[in-house]
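**Q** Next come the chains, spelled out residue by residue.
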Amino acid sequence: MKKLINHVDTVLAESLDGFAAAHADIVTLGPARQFVRRRTLKPGKVALISGGGSGHEPLHAGFVGHGMLDAACPGQIFTSPTPDQMLAAAESVDTGAGILFIVKNYSGDMMNFQMAAEMLDKENATVVINDDVAVENSTYTTGRRGVAGTLLVERIVGSAAEQGQGLAELKAVGDAVNRCTASMGVALSSCTVPAAGQPTFQIAADEMEMGVGIHGEPGRRRVKMTSAQDIAAEMINNVLKDLSLKRGQEVILLVNGFGGTPLMELYVMVNAARLHLDGAGIKVARHLTGSYVTSLEMAGCSITVCAVDAPMLSLWDAPLHTPALRWGM
Amino acid sequence: MTHTDLIRAATQTLVDHADELTQLDRAIGDGDHGLNMRRGALAIQARLGELDGMSLNDALKAMGVTCMGSIGGSSGPVFGTFLVTLGKELPTGPASADLARAMDVGIKALTRLGKAEVGQKTLLDVLDPVRRVLEAGGTDLVARVRECALASATATAQIEATRGRASFLGERALGHVDPGSRSMALIIGAICDTL
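Listed in order, the protein sequences are those of chains A and B.
Each step along the first sequence adds one to the number in my numbering, with nothing skipped, and position 39 is 39.
Each step along the second sequence adds one to the number in my numbering, with nothing skipped, and position 173 is 173.
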């Protein structure tokens, strides 16, 4: 294992300290590093709290700030945070308008956030994100994972919260964005959890994992490596099939790197994706390209399509100022 | 033998087998189960002196809360809730039938929490067979509980996962032992070896 670390046990703490120092104008780190929160709260605004395992940076702490989250609870690498973290964050950022939890659909995250929600004596609601179309949904299974679509939900709900919408409205906005958002990922390599010291899975030089999640876990199936164009086509086809969009529909297109893929290749994927969407009569109204929901140093990317209407687009475009995303202010 | 001896053995086996558990998790999960269980086990060992002075019930509850606050993931709430439930349900000086009854309540609590049932490649596939052995009672109980726990964990390899992160793999999870089940079997095995 070759990593820029001091010790496997201190990676998270040192990374959080560095993050808080680098973005001290926007965020502060809570006691015992239980959460990252906005430096300045907006009284009367519903507080948005997310969190999850670390190793997906900049998700979630990088999205704390004006127009997105109020607090993020970082768990150990790829391990959900514990309920005491969510309770401490809620205590710290609550301004009396209620708490909205934004949770990715994994068993661990769901259980820990649910325990926190039950223990919290403040009005609260939870939006669950499950945008990954690679996992088949069934009432008998854990269901679809939450992956890069999380960014879109956190942004659009965050924007609506900034405009003063109430808890019930925000919960509805979040559920609506989740419903019209779909993602699929592909990995070209695995990643190494520092404390494990070796890659989570082995993959041959000419193979890729199609339908991969964001934890270096194996995907739905292993296939031979092919061209960016073919990979993008398969991902877009699955995403469009899931969303069943009509020709002329406007979308936000997020091409997201997993941490080990150069931006140059991501733009090759953007180009392939937009041409394919164009062929299907889908109009890309906004682009976001970069490594935002990562899996340590995994190579590969995900493609997320979010069907939008004019009000959602205006929420997307509103001023935003976080460590990882900034526009309009 | 005190309950502290049992706690020491049960946590030490997780520390000793951390690599094996992580290896299992790399196959069908995200490769950190052993690390998380080790963190929880060490957090409990750090409180051994304190746990020694408590009743068994209070020690079980305290260990559960420690799991919830230190392990994270799904293992934190699952192991934590199970221990807290045992702590609440066991009478003082429990017999094997009491343990079976408390485990039954614990299994139901986990079913509610994780929305999982027996037969879905989770640690319930170890807990439930062990509970049935305890309920039936009889001779050589400790040896049979130990055997049942270890064999049940091994048998999870033949189950397709429908809950937890392994469920994202579909049939690809077949042939691999469920890491949570293996952890539970190790804990039960270590307790049996110490009794």
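Note that these hints are calculated values from the structure, not bench results.
Just so it is clear, the structure is predicted and the values come from calculations on it, not from any experiment.
Hints are not guaranteed to be accurate.
Capping the alpha-carbon separation at 30 Å, the derived lysine-lysine pairs in DSS-like fashion look like this [unchecked claim]: (1) K45(A) / K61(B); (2) K61(B) / K171(A); (3) K122(A) / K108(B); (4) K61(B) / K241(A); (5) K2(A) / K224(A); (6) K108(B) / K88(B); (7) K3(A) / K224(A); (8) K61(B) / K2(A); (9) K45(A) / K2(A); (10) K45(A) / K241(A); (11) K61(B) / K88(B); (12) K115(B) / K61(B); (13) K224(A) / K171(A); (14) K108(B) / K61(B); (15) K2(A) / K171(A); (16) K122(A) / K115(B); (17) K224(A) / K241(A); (18) K45(A) / K3(A).
Facing chain B, from chain A, some residues (calculated, C-beta under 8 Å) [to be verified]: (19) G75; (20) V135; (21) A280; (22) V284.
C-beta: ideal position from N, C-alpha, C; glycine also.
**Q** If a hint holds in the structure, say so; if it doesn't, say that too.
**A** Hint check:
Between K45(A) and K61(B) the CA atoms are separated by roughly 37 Å; this puts the pair beyond 30 Å, and the hint is violated. With a CA separation close to 35 Å, the supplied pair K61(B) and K171(A) exceeds the 30 Å bound. Distance restraint check for K122(A) and K108(B): the Cα-Cα separation of roughly 28 Å lies within the 30 Å cut-off, and the hinted pair is therefore satisfied. The straight-line distance between the Cα atoms of K61(B) and K241(A) is roughly 48 Å, outside the 30 Å bound, and the hint therefore fails.
Note on K2(A) and K224(A): the hinted pairing holds, with a Cα-Cα distance of about 27 Å set against a maximum of 30 Å. Taking the CA atoms of K108(B) and K88(B), the gap is about 14 Å. The hint holds against a cut of 30 Å. Taking the CA atoms of K3(A) and K224(A), the gap is about 28 Å. The hint holds against a cut of 30 Å. Of the pairs offered as hints, the one joining K61(B) and K2(A) is violated, with about 41 Å between alpha carbons and a cut-off of 30 Å exceeded.
A distance of roughly 44 Å separates the Cα atoms of K45(A) and K2(A); the hinted pair therefore is violated under the 30 Å criterion. Between K45(A) and K241(A) the CA atoms are separated by roughly 37 Å; this puts the pair beyond 30 Å, and the hint is violated. About 7 Å separates the Cα atoms of K61(B) and K88(B), which keeps this hinted pair within 30 Å; it holds. Of the supplied pair hints, the one linking K115(B) and K61(B) holds, its CA atoms being roughly 22 Å apart against a limit of 30 Å.
With a CA separation close to 41 Å, the supplied pair K224(A) and K171(A) exceeds the 30 Å bound. A C-alpha spacing of about 17 Å is found between K108(B) and K61(B), which places the hinted pair at or below 30 Å, so the restraint holds. Of the pairs offered as hints, the one joining K2(A) and K171(A) is violated, with about 42 Å between alpha carbons and a cut-off of 30 Å exceeded. Taking the CA atoms of K122(A) and K115(B), the gap is near 25 Å; set against the 30 Å cutoff, the hint holds.
For the given pair, K224(A) sits about 23 Å from K241(A) by alpha-carbon distance, which is consistent with the 30 Å threshold. Using a Cα cut-off of 30 Å, the hinted pair K45(A) and K3(A) is violated, with the two alpha carbons roughly 40 Å apart. Look at G75(A): its Cβ gets to within about 5 Å of chain B, closer than 8 Å, so that hint holds up. Contact between V135(A) and chain B, as hinted, is supported at the beta carbon level, the nearest pair being about 5 Å apart and thus within 8 Å.
A cut of 8 Å between beta carbons decides the hint on A280(A): the least distance to chain B is about 27 Å, and the hint is violated. The beta carbon of V284(A) comes no nearer than 28 Å to any beta carbon in chain B, farther than 8 Å, and the hint placing it at the interface is violated.
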